[in-house]
Amino acid sequence: MLSQDALKRIDREIAKYPPEHKQSAVMASLAIAQEETGWLSNDTMEFVASYLGMPAIAVFEVATFYNMYDLAPVGKYKITVCTNLPCALSGGYDAAEYVQHKLGIGFNETTPDGKYTLKEGECMGACGDAPVLLVNNTRMCSWMTPEQIDKLLAELK
Amino acid sequence: MLKIDQPMHIKPQILANLEGEKSWRLKDYVARGGYAALRKILREKTPPEKIIAELKESALRGRGGAGFPTGLKWSFMPKQYAGEKYLVCNSDEGEPGTFKDRDILRYNPHMVIEGMAIAAYAMGTARGYNYIHGEVWDVYLRFEEALDEARAGGFLGQKILGSDFSFELFAHHGYGAYICGEETGLLESIEGKKGQPRYKPPFPASFGLYGKPTTINNTETFAAVPWIIMNGGAKYLEVGKPNNGGTKIFSVSGHVNRPGVYEIPMGTPFARLLEMCGGMRGGRKLKACIPGGSSMPVLPGDVMMQCDMDYDSIAKAGSMLGSGAVIIMDETTCMVKALQRLSYFYFEESCGQCTPCREGTGWLYRVVHRIEHGEGRPEDLDLLTSVSDNIAGRTICALGDAAALPVKSFVKHFRPEFEYHIENKKCLVPVDVQRAGSRIYVEHAAC
Amino acid sequence: MLELEIDGKQVQVPEGSTVMDAANKIGTFIPHFCYHKKLSIAANCRMCLVEVEKAPKPLPACATPVANGMKVKTRSEQAVTAQKGVMEFLLINHPLDCPICDQGGECQLQDLSIGYGGSASRYQEEKRVVVNKNLGPLIATDMTRCIHCTRCVRFGQEIAGIMELGVANRGEHSEILAFVDRTVDSELSGNVIDLCPVGALTSKPFRFSARTWELSRRKSVSPHDGLGANLVVQVKLNEVKRVLPLENEDVNECWLSDKDRFSYEALNSEQRLRRPMLKQGGQWKEVDWQTALEYVANGFKAVAASHGAASIGALLSPHSTLEEMYLAQKLMRGLGSENVDFRLRQRDFSLDGKAGATPWLGMPVADFARLDRVLVVGSFLRKDHPLLAQRLRQSAKKGSQVSLIHATADDPLLPLHASMTVAPAAFAASLAQIIKSVAEQKALAFDNALYQQTQTLPVSAEARSIAASLISGARVGIFLGNLAQQHPAAGQLAALVQELARLLGARFGVLGEAANSVGGYVAGALPQGGGLNARSMLEQPRKAYLVLHAEPELDCANPLLAAQALSSAEMVVAMSAFQTRASDYADVILPVAPFTETSGSFINTEGRVQGFNAVVKPLDQTRPGWKVLRVLGNLLGLAGFDFESSEAVRVAALGGERASVADRLRSDVGAVAVILATTSSAVERVADVPIHFADPIVRRAPSLQRTRDACAPTARMNTATLGRLGLNGREKVRIRQGQGEAVLESVVDEAVADGCVRIAAAHETTSALGDMTGPITVERI
Ligand SMILES: Cc1cc2nc3c(=O)[nH]c(=O)nc-3n(C[C@H](O)[C@H](O)[C@H](O)COP(=O)(O)O)c2cc1C
Ligand code: SF4
Ligand code: FES
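Quick mapping for you: the protein sequence lines, in order, are chains H, X and L. The opening residue of the first sequence carries number 1 in this note's numbering; numbering runs sequentially from there. The opening residue of the second sequence carries number 1 in this note's numbering; numbering runs sequentially from there. The opening residue of the third sequence carries number 1 in this note's numbering; numbering runs sequentially from there.
Think of the hints as simulated: they come from the structure by calculation, not from any bench. From the three backbone atoms N, C-alpha and C, an ideal C-beta is built for every residue, glycine too. No incorrect hints appear here.
So, partial list: chain L residues that the calculated Cβ filter (under 10 Å) puts toward chain X: (1) Leu49; (2) Pro58; (3) Ala63; (4) Thr81; (5) Lys84; (6) Gly85; (7) Glu88; (8) Leu90; (9) Leu91; (10) Ile92; (11) Arg122; (12) Gln124; (13) His148; (14) Asn169; (15) Gly171.
Put together the whole structure using the sequences plus the hints.
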C-alpha cells in the first residue's frame with residue numbers, strides 16, 4: 001500500500017508516543033500517506049487504520065476534521081490562499097482573485113490538465129507576510145504580489 | 001532566510017541578538033548564552049518550588065490568549081504523582097492575526113526547548129510535546145532539527161547534562177484546525193482524535209494528555225522562562241508593569257507600513273507600537289483595531305490610541321490583549337465585510353460538538369453575509385446581538401465566545417455603518433476606496 | 001457525602017456526583033439530550049444548563065461536579081433563558097415535519113420543544129440537509145434530524161465495544177456515519193434506536209408501521225438466551241409491532257441484543273402454523289384440535305401397548321416455558337416413559353444423577369458484573385451471551401481481568417488478560433495446566449489422580465499468566481460457555497473447573513445456553529433412573545416422539561442422527577409455532593403459541609424465575625403449549641392434569657407456593673474421574689451456533705437474517721491448517737463427518753485454533769453433518 005520509506009517515516013512518528021498510544025501517530029501517518037499517494041482514498045485510510053490498530057471510522061473522523069487532508073484527488077499543485085481578515089487587509093482577496101484569474105478556476109476546483117487545485121485557506125499564522133499562500137501543504141509563499149504569483153506559477157510546471 | 005530587524009524590538013528578551021542566517025542553530029544559541037539557565041538549575045540543583053516561586057514573582061502571564069499567571073498554573077501540577085505526567089507546548093497559533101510563535105520557532109527554537117526543559121524540571125515531567133500549526137510546515141521541520149541538535153548536545157533525553165533529570169521532547173504537527181489551539185482540543189489531537197475540546201473540569205493538571213496530569217503553555221510563555229531564570233523574576237516584572245511582567249511579542253498585521261512581530265515591554269503605549277510599524281499605510285487614519293487576535297472585541301481607532309499594550313489597560317478599554325495580535329484597520333475598511341470574513345472563520349472552524357457553537361456560528365455568518373450582500377433587515381442587528389448572547393458562555397470551550405465577541409463589538413462600535421448597509425444595500429466605504437487599502441490591488445482589466 | 005440545594009430542596013450525594021445525578025435523585029427533571037446514565041459524559045448538547053450560585057455563567061448539570069454547599073437553580077431566569085437559547089439552536093436546522101417522522105410521539109426533542117421552544121422561528125435561512133446512510137437491515141436513518149448528541153457513537157465505543165459509527169467533518173457539516181457505507185454489525189446495534197433522542201435513527205423493521213400512541217405496551221421476557229432480557233412488547237390490533245427493553249438493572253439494564261429486539265418479526269411471518277394437521281395417506285390435512293389430540297393420545301397409547309412405553313421419547317426445546325416442560329415430562333412419565341430431555345445440544349450426560357448438578361451461573365448476574373477475575377472456557381462470548389459479554393466489557397474497563405480458553409480467538413471486544421486458543425479436545429488439558437500452575441504458585445495439593453496426569457504436562461506461559469491473574473483476584477468466577485457444555489467431555493470440564501475453583505476459593509458456573517436451561521432442570525424435564533437422554537433417544541431410535549418447539553434437525557447436537565431417528569419413527573408429534581421440516585417426518589403437527597401468545601415462565605441462568613403473560617391472542621387456531629399438554633394428559637386419562645391456569649402449573653413445577661429455586665441450584669458435580677485426552681492429529685470441527693440461527697423464532701426473523709451475523713456457514717481455518725490440507729482458503733470443499741457430508745466454501749480465519757475447522761451448526765447447509773465437535777475430513781472438490 002505505502003512504500004517502505006513511508007512506513008519507515010510512520011514508524012518514526014509512532015515512536016514519539018507511548019507504545020499503547022500508537023493512535024497518536026494518525027495525523028502524521030495520514031500526512032505521510034497523502035504526500036505519497038496525492039490524496040487519501042478509502043483504502044489508504046483503511047490501511048492506516050489497520051497499521052495503527054484503530055477503527056477505520058476513527059481514522060475517517062480525523063481525516064475529515066482537519067482541513068489539509070484531501071479526501072478526493074487534487075492537482076499536482078494544491079495552492080491554498082489565505083483570505084482571512086488580517087491577510088485580506090493586505091491583499092489576500094486580491095491575491096486569490098489573481099490566482100483564480102490566472103488559472104481560470106475557482107476555489108475547490110482543479111485545472112482541466114490536473115495540474116493545479118485551488119483552495120481557500122484560513123489563517124496560516126503568517127499574517128505579517130500577507131498575502132500568503134501555501135503550496136502542497138508544505139511550502140509557504142509570502143508577500144504574494146501579482147509578480148510573485150506569476151513567478152511562482154511559472155516555477156510550478 | 002529572513003533577518004530579524006533588531007530595531008523592531010525594545011528590550012527584547014526572546015528575539016534578542018538574532019543576527020545572521022543560521023542564528024537559530026544550537027551553536028549560535030549557546031553563544032548567545034543559551035541553555036545557561038538550564039545548566040544553572042541543574043548545577044545548583046535548584047528546588048522546583050523555587051523556580052515556580054520565581055515565575056510567580058515575575059508575573060509572567062500566559063501568552064496563548066487567556067493571560068493566566070504561569071507560575072500559578074505550574075503549581076497546580078500534582079507533585080506526588082506516581083504515573084507519567086506531561087508537558088505540552090501550544091504552537092498551534094491559528095488565531096487570525098497571530099504569527100509570533102512561528103517567528104520564535106523559526107529564529108529561536110532552542111529557547112522554547114530550554115524553557116520547556118526548565119518547566120519539565122520544575123513540574124517533574126519526563127515527556128513533552130510541542131504541537132505545531134500544520135500550515136507552517138518548515139517550522140515543524142526546523143523544530144525537529146533543533147530537537148535533534150538538543151538531544152545530541154545533551155540538553156534533552158536521558159540524564160540531561162549529566163544530572164539525574166531526564167526529559168524527552170517531541171514535535172507533533174497539526175493539519176489545519178484552528179480549534180486545536182484550544183488546549184484540550186490540542187490534547188485530543190495529540191491523542192490521535194478529532195481536536196474536540198473537553199469539558200472542564202477536570203482540568204489538564206489532573207486529567208490531561210492520555211488522562212494524565214498535564215501542563216500546557218504557549219510557545220512564547222515557555223520562551224520567556226530562560227530569561228526569568230537567569231535574571232530573576234523581579235527583574236522580569238520590572239521590565240513590564242505590575243501584574244504584567246516582561247516583554248510581549250506583538251504580531252501586527254493589516255494597514256500599517258511594516259507588519260511584523262515586535263517585542264516590546266508590557267505597557268508600551270499603542271501609539272509607540274504603531275510608530276515602530278512605520279505608521280499607517282498610506283498615512284491614512286486608524287479606523288479600528290483588534291488588539292488581541294480576531295477573537296477579541298474590536299476597538300475604535302481613537303479608543304485604541306489611548307491604550308497601553310498590556311493586559312489590564314486593554315481590558316479597561318473593553319477588549320483583551322489575547323495573543324497580542326494587533327489587527328490594524330484604516331478608513332478604507334468596510335466593517336461589515338471585515339466582520340463577515342471573521343464570522344465565516346468561526347463558522348468554518350467550529351468543531352461542531354456543542355449545539356450553540358455548531359448551530360450559532362453558521363447563523364451569525366449567514367446574517368452578516370446577508371447584510372453584506374444587501375439583503376439585511378432592520379431587525380438583524382438585534383438578532384446578531386441576541387444570537388451572540390445565546391452562544392457566549394454556553395459552550396464547552398471559548399470558541400463560542402470568540403465567535404460572539406467580534407460580532408457584538410463590531411455591531412456595538414460600528415452600528416451606523418451596519419445600518420447604512422442594511423438601508424442602502426451597499427457599503428458605507430465606497431468600493432474603490434476599499435481597494436485602495438489593499439497592498440496589492442490589481443485592476444481587473446489588467447489581469 | 002456532599003450536600004447541595006437544588007431549587008430550594010436539600011440533597012445529599014456521594015463524592016463525585018454531578019448536578020444531574022443529584023437532580024435525578026430527588027426527581028427534579030433537567031432537560032437533556034446527550035446525557036445518558038450508562039454513557040460517558042459528553043456535555044455537548046448544552047440543554048441541561050442550570051444556574052449555579054456564584055458561577056458567572058450557566059453550567060451543564062450533566063458535567064458539573066457537585067461541590068458542598070452548592071446552590072443550583074434549574075428553573076431560574078438565567079437557567080431557562082439558556083435552555084431556551086439552546087433549544088432554539090437545536091431547532092433551526094431540524095426539520096419541522098414531526099407528523100411524518102417515525103419518532104413522532106416519543107421524541108425527546110418534540111417533547112422538550114413544547115416546553116422550551118419558541119413559537120416562531122427567528123431563523124430564516126435555509127435549513128441543513130444531510131444525506132441518509134445505509135446502516136444495514138436493522139437501523140433506518142433520517143440524518144437531517146440528527147442533533148449530534150453522539151449517544152450513538154458513544155454507545156458503540158463504550159457499550160458495544162466497537163466503534164462503527166463516528167462523527168465526520170466538523171462544525172455545521174458534522175454528520176454521523178459509518179466508514180464508507182459500512183453497515184453497523186454489532187449484535188447490540190439496535191440499542192442506538194432507543195438512545196437516539198430524535199428520529200434520526202429508527203427501527204427499519206418497525207418503520208412507519210404504527211404510531212406510538214396506537215400501541216399498547218406489555219411486559220414480557222426474551223425467549224432467546226440464558227439471560228432472559230426483560231421486554232416491553234408493543235402491540236397494535238393483536239399484532240406485535242415492536243419490542244423494546246424493559247429496564248431491569250439486575251438483568252439486562254436498559255439494553256437488548258438485536259436478537260431480543262428484532263426476532264418478533266418471525267411471529268408475524270408466513271411460516272407460522274395456523275391449524276392442527278394430520279398426515280393421512282401421505283397427505284397433510286388440516287383438522288380440528290379435538291381430532292388432532294385424540295389422534296395423538298390414541299397413537300401414544302397404541303405405541304405403548306405394542307412396543308412398551310419406553311419406546312416413546314420427548315425432545316423439548318430448552319426455549320420452552322417452564323410450564324410446558326413440566327407438563328411434557330409429566331405426560332411422558334404418566335405414559336410410563338422416562339425418556340424426556342431438553343438438553344438437545346448436550347453430548348455428555350455423565351453428570352446425570354450426580355448430587356446437585358443443576359448447572360447455573362453460580363451467582364446472581366449482579367455479582368457476575370462485579371467479579372474482578374474471570375475465566376471463561378469454550379464460549380463464543382459475544383454471540384452466545386451478548387449482554388453478559390457487555391457486562392464483562394464494563395467490568396474490564398474498571399480493571400477486572402478476563403481470560404479465555406476457547407477454540408477460536410474471536411474478538412470479544414473487551415481487553416483480555418490472556419487467552420488460550422486450542423482445539424476443543426485440548427480444553428481439559430488447558431484447564432489442567434492452569435490448575436497445575438495455581439497449585440504450584442499457591443503451594444496447594446489437588447486431586448491426586450489429576451495430579452499424576454499433570455506431572456509431565458508442560459504449562460504454557462498463557463496458562464501461568466491466567467493462573468496468576470486468578471490468584472490475584474478478590475472476586476473470582478470461572479464459567480463454562482456453550483461449547484464447553486456441548487463438549488463430548490463436558491462432565492470432565494465441569495470437574496476441572498470445580499477443582500480450579502476450589503483451589504482459588506472462587507465461584508464457578510455455566511453461562512446458560514437457552515431461555516430455560518435452568519428451568520428444564522427445575523421442571524424435571526430430564527430422564528431419571530434408566531430413562532434415555534436427548535442423545536440416547538436418538539442413538540437408540542424410539543418408535544414415537546413428542547417434539548416440543550424444537551427443530552431437531554437444527555437444534556440437536558447431531559442433526560444427522562436426529563433426522564434419521566425421527567424419520568424412522570412410527571409416530572412423531574410436532575408441537576411448534578412454525579412450519580418446519582417436521583412436515584417430512586411428523587404425523588401430527590400442532591400449532592402451539594410462541595412466548596408472546598401464552599403465559600409462562602423462564603428461569604434464567606442466575607435462577608431468576610421470570611413469568612410473563614400473553615401479549616397477543618394466539619394466531620388463528622394456535623394454542624398455548626401448556627393447555628395442549630394439559631388436554632393431552634386428560635385425554636390419556638392421566639392423574640394430576642387438571643390445572644386451571646399456567647400459574648398453577650408453575651407452582652407445581654416449582655414444587656409449591658413458597659418453594660425456592662435457589663435451593664436447587666448447585667453447580668458442584670462431586671467426584672468425577674478426569675482422564676486428560678491425548679490430542680489426536682485429526683482435523684477437528686468446531687461448531688458455533690450463530691446468534692441468529694440459534695432457535696426457531698430467530699431463524700425466521702427476516703431482518704435479522706439479512707445481517708452479517710446471519711451469513712451462511714463456511715469452513716473457516718487458519719493458514720497453517722489450510723496449508724496442511726492443501727487448500728488456499730478460497731475454494732469449495734467437501735466436509736465429511738461420520739456418515740454426513742456437506743459442501744462449503746473454505747475461508748481463511750486466523751482466529752481458529754490450529755488443526756480446527758470452524759463450521760457453524762444450526763443451519764440448513766450443515767445439517768447433514770454430525771456432532772458439533774470431533775474429527776472431520778476436508779477435501780478440495
Ligand atoms: C478557540 C481557541 C483557540 C486558541 N488558540 C490558541 C493558540 O493558537 N495558541 C495558544 O497558545 N493558545 C491558544 N488558545 C489558548 C489555550 O487554550 C491555552 O489557554 C493556552 O495555550 C495556555 O497557554 P498560556 O497559559 O501559556 O497562555 C486558544 C483558546 C481557544 C479557546
Ligand atoms: S444520530 Fe441520534 S444519537 Fe446519534 S448523534 Fe444524532 S441525534 Fe444523537
Ligand atoms: S445533557 Fe448536559 S450538555 Fe447535554
